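Novice: Sequence:
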Amino acid sequence: MSTERAGESRVDDELGLEELEAEGDLAADYIEGLLDIADMDGDIDIDVANGRAYVAVTGGGEDLDRIASAEAVQALQDLARLAVQAKTGRFSRLIVDIGGSRDARAIELRGMVDAAIAQIAAGLDRVELEPMSSYERKLVHDEVAERGFHSESRGEGRDRRLVISRG
Numbered sequence: 001m002s003t004e005r006a007g008e009s010r011v012d013d014e015l016g017l018e019e020l021e022a023e024g025d026l027a028a029d030y031i032e033g034l035l036d037i038a039d040m041d042g043d044i045d046i047d048v049a050n051g052r053a054y055v056a057v058t059g060g061g062e063d064l065d066r067i068a069s070a071e072a073v074q075a076l077q078d079l080a081r082l083a084v085q086a087k088t089g090r091f092s093r094l095i096v097d098i099g100g101s102r103d104a105r106a107i108e109l110r111g112m113v114d115a116a117i118a119q120i121a122a123g124l125d126r127v128e129l130e131p132m133s134s135y136e137r138k139l140v141h142d143e144v145a146e147r148g149f150h151s152e153s154r155g156e157g158r159d160r161r162l163v164i165s166r167g
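Heads up, the sequence shown stops at 167 in this note's numbering, and the numbers go up one at a time, no gaps.
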């Protein structure tokens, strides 16, 4: 079933632009509070794309670089999602980026795909990648499909990973 809202067509379980922007605002407020507690600087930018709110923290210098590791960003994203869920009553799919760490990780993931495809071209049937988050798996699935290969997720929880094979 779909509904019309503000001239926008959507499926009921998808959030509209206003709802996603509101999620971004809630997450930004939460992250700003954490940065204040930690006495850290940073500029917060909010964007909406691909049915998700994106919250990026930039410009904080070395202090911000210390929390830009994949594990720290994932933890901050999980906390921000919980804060949004506590206010809205619904699960949030928002993405948090600290100091450009998401772009850096996307480049790293493309390198992993390059290496896996090279191993397959050299004769392996399939290559199993390291465990990664659902967001990272989505990026890799898209990259693998774009190159004409096949990928599937295997495992549970934190051990969930992708296996790449010929298309």
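Hints were generated in silico from the structure; no laboratory data involved. Small disclaimer: the values here were computed from a predicted structure and weren't measured. Backbone N, C-alpha and C define an ideal beta-carbon position, used for all residues, glycine too. Hints may be right or wrong, so weigh each one.
Claimed, not checked - For each label pair, taking beta carbons as the anchor points, the in silico distance ranges come out as: (1) G100 with E130: 15 to 23 Å; (2) S165 with R90: 30 to 38 Å; (3) D29 with D63: 33 to 41 Å; (4) I37 with E71: 18 to 26 Å; (5) D114 with A22: 37 to 45 Å; (6) E62 with D159: 15 to 23 Å; (7) E128 with L79: 24 to 32 Å; (8) I37 with I107: 26 to 34 Å; (9) E71 with A145: 26 to 34 Å; (10) E21 with G167: 32 to 40 Å; (11) E152 with Q74: 17 to 25 Å.
Novice: Each hint: holds or not?
Specialist: Hints versus structure:
1. G100 with E130: 15 to 23 Å: holds, 21 Å
2. S165 with R90: 30 to 38 Å: Given about 36 Å between the Cβ atoms, the range holds.
3. D29 with D63: 33 to 41 Å: Between D29 and D63, where Cβ atoms are some 20 Å apart, the hint is violated.
4. I37 with E71: 18 to 26 Å: holds, 19 Å
5. D114 with A22: 37 to 45 Å: holds, 39 Å
6. E62 with D159: 15 to 23 Å: At roughly 33 Å between Cβ atoms, D159 and E62 fall outside 15 to 23 Å, so the hint is violated.
7. E128 with L79: 24 to 32 Å: holds, 30 Å
8. I37 with I107: 26 to 34 Å: holds, 31 Å
9. E71 with A145: 26 to 34 Å: holds, 27 Å
10. E21 with G167: 32 to 40 Å: With Cβ atoms ~38 Å apart, the hint holds.
11. E152 with Q74: 17 to 25 Å: 22 Å Cβ-Cβ, so the 17 to 25 Å window holds.
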